[in-house]
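Peer 1: Spelled out, the chains give:
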Amino acid sequence: MASAVIFSVLLASGLSVYHAAQENDWLHLTSNAADAIADDGIAFEGAAGTNILLREQALLESSLFDCGSASATVSGEIEGLADTQASANLTVVTAAGPASQGPASDNLSMLAPFGGYVDGLVDTVLHEELKGAASPLGVSYAKNETHYVHLPVRMGEMASDCDQALSDIEDAVSNTSLPECTASAVNSVIAEAEGGSGSRAAGSGFQLAVDSALVGAAPCSVNVRVEVSQGGVVGPAGSFSVALRGEEIAVFES
Amino acid sequence: MRYLDLVIAGLIGTSSLAGMVALNPIQGDVASSSLATESQLRDEILALLQQRGTVWLIQSSPETVCSYLRGMSNSSVTFSGEIGQLSCGAPPSNGVPTATIVLHFTGFQVVLEAWPNEQA
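Taken in sequence, the protein lines are chains C and U.
Note that our numbering numbers the first sequence so that position 147 is 708, with each residue one more than the last.
Note that our numbering numbers the second sequence so that position 95 is 154, with each residue one more than the last.
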């Protein structure tokens, strides 16, 4: 009888110690699992942001944008960019969109030097949805984050220089009366107008190229094409160029 | 009668002790400790990643990244991985708790690993 009491007390004490230890282990296990998912989440956000920047660079360097609609076109293309990073315990879905404002510095330091919003550049907001679970432990993880990144492309400024160059040439042409509607006479007028626009573009760090072709003799009219480009842009996949093109028919004074 | 008492007491004692051995809380500690180590190693991989950035990972050659991981290894932890097709080194022996973070970049994959050194 005495031995039954003694050993039962011993067993009960052992059981309570065991349960306390189990609970302690459970807390540590769930805490470590949640920590692991959170770590993966930060790394995945960095990878997703990098992929979005890579795709933006590919898009910008492969296209010749129209001066009048460049910013809207790029915004539309950015809107469609997305990325998914996944592991057994976590999925991070990232949807990109154009940003018109945002913080200058971003807390996702992994995306340096492209982190944060910079006015006048190609800015992107990343909406990231993190969903994770460590099923046997009953840990679930859900989080939404927003980050801002940019590429150092001065799209708006380039578009403005392009429009201004076209406007300068149109003004010069429409205020000039040519005795003869010949290519050389037309080119000389356009070259003079191009000089001022070229200097302005160069001052902004852009290159300007103007191309023209006679399209009519009465009235004397010319098709003018202007291309403004920003070279040496440093992106995540290396240095690249972005170009915008504008086109118009200019008519000389009769 | 006394003999029967002794047998019963012996049975109770033996089964109680067997129960206490079976419910040894140390067994749970081992699993918990292994996960804690992995969690700490994962923190260290993340710290490396935050120091250099994910953009740096894609801008650098695989050899440069492997060299950096080797350089950051120390007496307590070894960093390694696979950068695209390049493996930075042999994995640890079986049973060593290892933390792994896999990142998918456009066109290639980066696997970052860390494990504790034996003497640590």
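These are computed hints drawn from the structure, not numbers from a lab.
A couple of the hints might just be wrong.
[To be verified] Output of the computed footprint for chain U on chain C, the stretches with three or more beta carbons under 8 Å from beta carbons of chain U:
hint, stretch
1, 601 to 610
2, 672 to 678
3, 719 to 733
On a predicted model such as this, the values are computed, not experimentally measured, just so you know.
Ideal Cβ placement from N, Cα and C applies to all residues, glycine included.
Peer 1: So which of those numbered hints doesn't the model satisfy?
Peer 2: 3
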